[in-house]
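Just so you know, the sequences run in chain order A and B.
Using UniProt numbering, read the first sequence as starting at 1 and increasing by one per residue.
Using UniProt numbering, read the second sequence as starting at 1 and increasing by one per residue.
Careful, some of the hints might be misleading.
Chain B residues, not near chain A, derived (Cβ > 12 Å throughout) [stated by the list, open to error]:
| hint | residue |
| --- | --- |
| 1 | S10 |
| 2 | L51 |
| 3 | A70 |
| 4 | R94 |
| 5 | Y117 |
| 6 | T142 |
| 7 | N151 |
| 8 | V153 |
| 9 | H157 |
| 10 | V160 |
| 11 | T256 |
| 12 | D294 |
| 13 | V341 |
| 14 | T345 |
| 15 | D347 |
| 16 | A362 |
Here's a subset of chain A near chain B, in silico, CB distances under 8 Å, partners left out [claimed, not checked]:
| hint | residue |
| --- | --- |
| 17 | F60 |
| 18 | A63 |
| 19 | K365 |
Some, not all, of what chain B presents toward chain A, calculated at C-beta under 8 Å [as the list claims (entries may be wrong)]:
| hint | residue |
| --- | --- |
| 20 | M118 |
| 21 | G154 |
| 22 | K194 |
The set of hints was computed from the structure by calculation and includes no laboratory data.
Here a beta-carbon is modelled for each residue, glycine too, at the ideal position from N, C-alpha and C.
There are 2 protein chains.
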Amino acid sequence: MPSISLKTPSASYDVTLGTSLLKTLRQRITRATGSRTSRIFFVTSPALWKLWGEAVTESFESATVLFLPAGESHKRFASVEKLLEQLARNGADRDSILVAFGGGVVGDLTGFLAAIYMRGIRVVQVPTTLLAQVDSSVGGKTGVNLAAGKNLVGSFHHPVAVIADIDVLQTLPKNELRAGLQEAIKSGVIRDPKLFSFLEKNADKVLAGDTKALQTVVDRSLRVKADVVNQDELENGLRMILNFGHTIGHAIEAATKYTVLLHGEAIGWGMIAAIRLAEQRGAMSEKDAKRVVDLIHRYGPLPAFKAKAERLVELSAGDKKNRGGAKRFILPTGIGTVEIVTDVTEDELLAATSAMLQEMSAMTKTKKQVKR
Amino acid sequence: MPSISLKTPSASYDVTLGTSLLKTLRQRITRATGSRTSRIFFVTSPALWKLWGEAVTESFESATVLFLPAGESHKRFASVEKLLEQLARNGADRDSILVAFGGGVVGDLTGFLAAIYMRGIRVVQVPTTLLAQVDSSVGGKTGVNLAAGKNLVGSFHHPVAVIADIDVLQTLPKNELRAGLQEAIKSGVIRDPKLFSFLEKNADKVLAGDTKALQTVVDRSLRVKADVVNQDELENGLRMILNFGHTIGHAIEAATKYTVLLHGEAIGWGMIAAIRLAEQRGAMSEKDAKRVVDLIHRYGPLPAFKAKAERLVELSAGDKKNRGGAKRFILPTGIGTVEIVTDVTEDELLAATSAMLQEMSAMTKTKKQVKR
């Protein structure tokens with residue numbers, strides 16, 4: 001099984017990637033934590049547990065399962081408090097281990113629970129969506145949403161192990177697979193031209209859910225993430241490049257109230273806007289820009305949404321990545337390279353966002369004509 | 001102004017102690033943080049702000065004030081979420097600084113807000129009760145209560161500065177002053193015989209609120225705390241000695257639903273129980289035990305409460321200081337020395353707790369006779 005090492009000033013752990021990992025989950029957790037007697041608390045969604053609960057608990061003598069309903073709307077303080085009370089009532093102590101079995105919402109929220117229960121207990125991430133496997137399960141970011149914005153609350157709390165079983169992706173809805181692959185494209189664009197080429201050449205296999213092809217994609221994406229986090233754990237510099245496509249992507253999610261697009265889909269559109277901005281500036285060649293935009297659409301279709309360019313630019317100003325007023329923007333300069341710039345004007349951002357929206361509008365029209 | 005240094009693996013900051021510090025608060029915060037432009041958000045209680053708001057903001061050109069009603073019942077997730085939403089709506093960003101102006105509840109909760117807002121922003125502690133000045137404002141522990149128990153949630157998040165102004169204690173209710181002094185007695189017993197003697201010799205002055213005497217008490221108590229935390233930030237060993245009196249103290253608070261006694265008062269009774277246990281074991285001489293118990297009562301009266309010894313012992317078993325089943329107990333062995341033991345039996349604890357309750361009962365009877 002390939003295993004990828006995270007080594008930051010505050011944590012050191014392995015990401016194990018492969019197939020048939022679930023059936024030996026207990027042993028893997030014991031090996032990673034050195035704790036044979038710690039109590040295990042799973043946090044998962046009811047639907048996922050119905051599909052995989054039996055397989056997951058095969059290697060366990062006992063474990064407590066706490067449920068979090070699926071969906072972003074449950075990534076709120078009400079769920080946090082409820083689950084913390086359940087942990088306390090079920091006797092979780094400082095030696096207990098939480099296992100997040102689910103996608104981004106379960107992973108972010110369970111990581112946060114582990115960060116704050118009794119001032120910090122251990123968590124193992126077992127990501128079940130492509131998005132969580134390539135991105136959110138690794139790197140220690142945890143988060144909860146406020147009414148005022150997404151992920152405005154959280155902490156840095158690394159897992160003691162990440163166990164990513166490709167088999168679990170079999171039951172992942174196809175649109176979630178495609179959305180997750182947008183983050184893989186992101187990894188290629190910012191740092192791994194070979195991953196980018198692989199995604200170009202093997203699109204059919206990857207989209208069909210071919211295990212070996214998916215494993216290559218997850219593996220390479222994870223290595224990008226690990227490499228970046230190992231160099232800048234707390235996002236003071238390099239780690240910001242992981243936010244390529246996220247400035248406008250987050251604004252799209254906020255403008256559509258998180259109900260129209262999956263996160264990866266919003267990031268797909270956000271990357272297109274960033275590419276258009278890079279083109280306008282002459283930072284990226286027309287040819288490279290076309291390759292990236294084509295690949296994003298190849299892993300689509302990205303659903304259309306309704307929002308004005310002005311509104312998206314306005315919403316992007318409130319992104320929490322901003323610090324002390326300076327707005328950072330991740331600008332691709334080629335396939336595999338980006339730069340962090342702070343001089344993007346509102347006009348530039350507006351022009352790029354408008355270009356992206358026009359593209360969407362043109363595609364929608366084409367589709368309608370085809371339908372006729 | 002005496003200033004005490006905290007230097008742990010994760011943080012380094014000064015505690016400034018003195019009088020007339022509030023009028024230069026802005027400059028002190030700027031000096032400690034190096035941030036002249038960061039936005040400042042005060043968290044405080046309405047009653048306290050009425051008394052001190054004008055003095056506190058004298059040195060500020062602008063600041064936002066968020067209110068948390070006084071009392072332990074507000075140290076809950078509902079308050080946390082409400083204040084986080086207010087921070088977001090008022091435009092707090094990663095460079096903003098929270099200032100906790102209040103006692104233990106304000107300090108613990110504001111520290112937690114700072115730990116989780118945007119995954120961590122800076123906090124300055126300006127403690128206004130004796131308890132907060134000698135103990136809770138220093139050391140990075142933050143906390144929120146669950147229905148299932150007190151401080152079951154929180155994180156380690158050190159302030160960037162602690163500014164303790166003795167003047168503020170002038171408006172502190174006398175019972176709160178006395179309760180806070182129980183924690184000073186604790187500091188003396190566990191590590192500072194000179195502080196203990198000072199408290200014995202200067203009881204009248206200290207209890208009358210004499211500024212110079214109080215400053216000596218706060219200064220020496222803080223040095224004990226800083227010294228311990230500097231050696232064991234995360235409470236894996238030495239820091240546990242700060243919990244002297246807290247095993248039964250916490251149980252008393254839980255048994256009386258946090259409404260009968262102030263925290264320091266419960267710790268006073270908890271220390272008496274621990275002293276009786278030490279005596280039973282022969283760990284502490286009868287003479288030393290008498291000195292400690294006499295001093296605790298000298299800084300009383302500790303209010304009586306109703307609880308069965310069995311119930312207190314039962315509740316103490318759920319204390320979160322326990323880890324993986326092993327129960328640690330802080331046993332005084334003299335004035336200024338303690339040891340951490342793990343072999344205290346339930347019977348011993350029951351006997352010591354019963355002895356403490358009998359003492360309380362005897363005192364109550366005496367008082368009634370006197371009244372007649």
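Hints, verified against the model:
Remark: the non-interface label on B/S10 conflicts with the geometry, its nearest Cβ contact in chain A lying 8 Å away (cut-off 12 Å). With a least CB separation of 31 Å from chain A, B/L51 remains clear of the 12 Å interface cut-off, as annotated. Chain A leaves B/A70 outside its interface by the beta-carbon criterion, the shortest separation being 22 Å against a cut-off of 12 Å. For B/R94, the shortest C-beta to C-beta distance to chain A comes to about 5 Å, within the 12 Å cut-off, and the non-interface label is violated.
In this structure B/Y117 is not separated from chain A by more than 12 Å, as the shortest Cβ-Cβ distance comes to only about 6 Å. Not every beta carbon of chain A lies more than 12 Å from that of B/T142, the smallest distance being close to 8 Å; the non-interface claim is violated. The claim that B/N151 lies off the interface is violated: its Cβ sits roughly 8 Å from the closest Cβ of chain A, which falls inside the 12 Å cut-off. Not every CB of chain A lies more than 12 Å from the CB of B/V153, the least distance being 5 Å, so the non-interface label is violated.
The claim that B/H157 lies off the interface is violated: its Cβ sits roughly 9 Å from the closest Cβ of chain A, which falls inside the 12 Å cut-off. Every Cβ of chain A is farther than 12 Å from the Cβ of B/V160; the closest lies at roughly 16 Å, confirming the non-interface assignment. With a least beta-carbon separation of about 20 Å from chain A, B/T256 lies farther than 12 Å from that chain, consistent with its non-interface assignment. The Cβ of B/D294 sits about 35 Å from the closest Cβ of chain A, beyond the 12 Å cut-off, so the non-interface label holds.
The non-interface label for B/V341 is consistent with chain A: the shortest C-beta to C-beta separation is roughly 19 Å, beyond 12 Å. With a minimum CB-CB distance of about 20 Å to chain A, B/T345 clears the 12 Å threshold, and the non-interface call stands. Non-interface status of B/D347 relative to chain A is upheld: no Cβ of that chain comes within 12 Å, the nearest being about 23 Å off. The beta carbon of B/A362 is kept farther than 12 Å from every beta carbon of chain A, the shortest such distance being approximately 37 Å.
The restraint placing A/F60 at the interface with chain B is violated, with a minimum CB-CB distance near 19 Å, outside the 8 Å limit. Hint status for A/A63 relative to chain B: violated, with the closest Cβ pair at about 17 Å, above 8 Å. At about 38 Å, the closest approach between the beta carbon of A/K365 and any beta carbon in chain B exceeds 8 Å, and the interface hint on this residue is violated. Hint status for B/M118: holds, given a least beta-carbon distance of 5 Å to chain A, under 8 Å.
Residue-level restraint check for B/G154 holds (minimum Cβ-Cβ distance to chain A is 5 Å; threshold 8 Å). Look at B/K194: its Cβ only gets to about 32 Å from chain A, farther than 8 Å, so that hint breaks.
The structure fails to meet hints 1, 4, 5, 6, 7, 8, 9, 17, 18, 19 and 22 from the earlier list, while all remaining hints are met.
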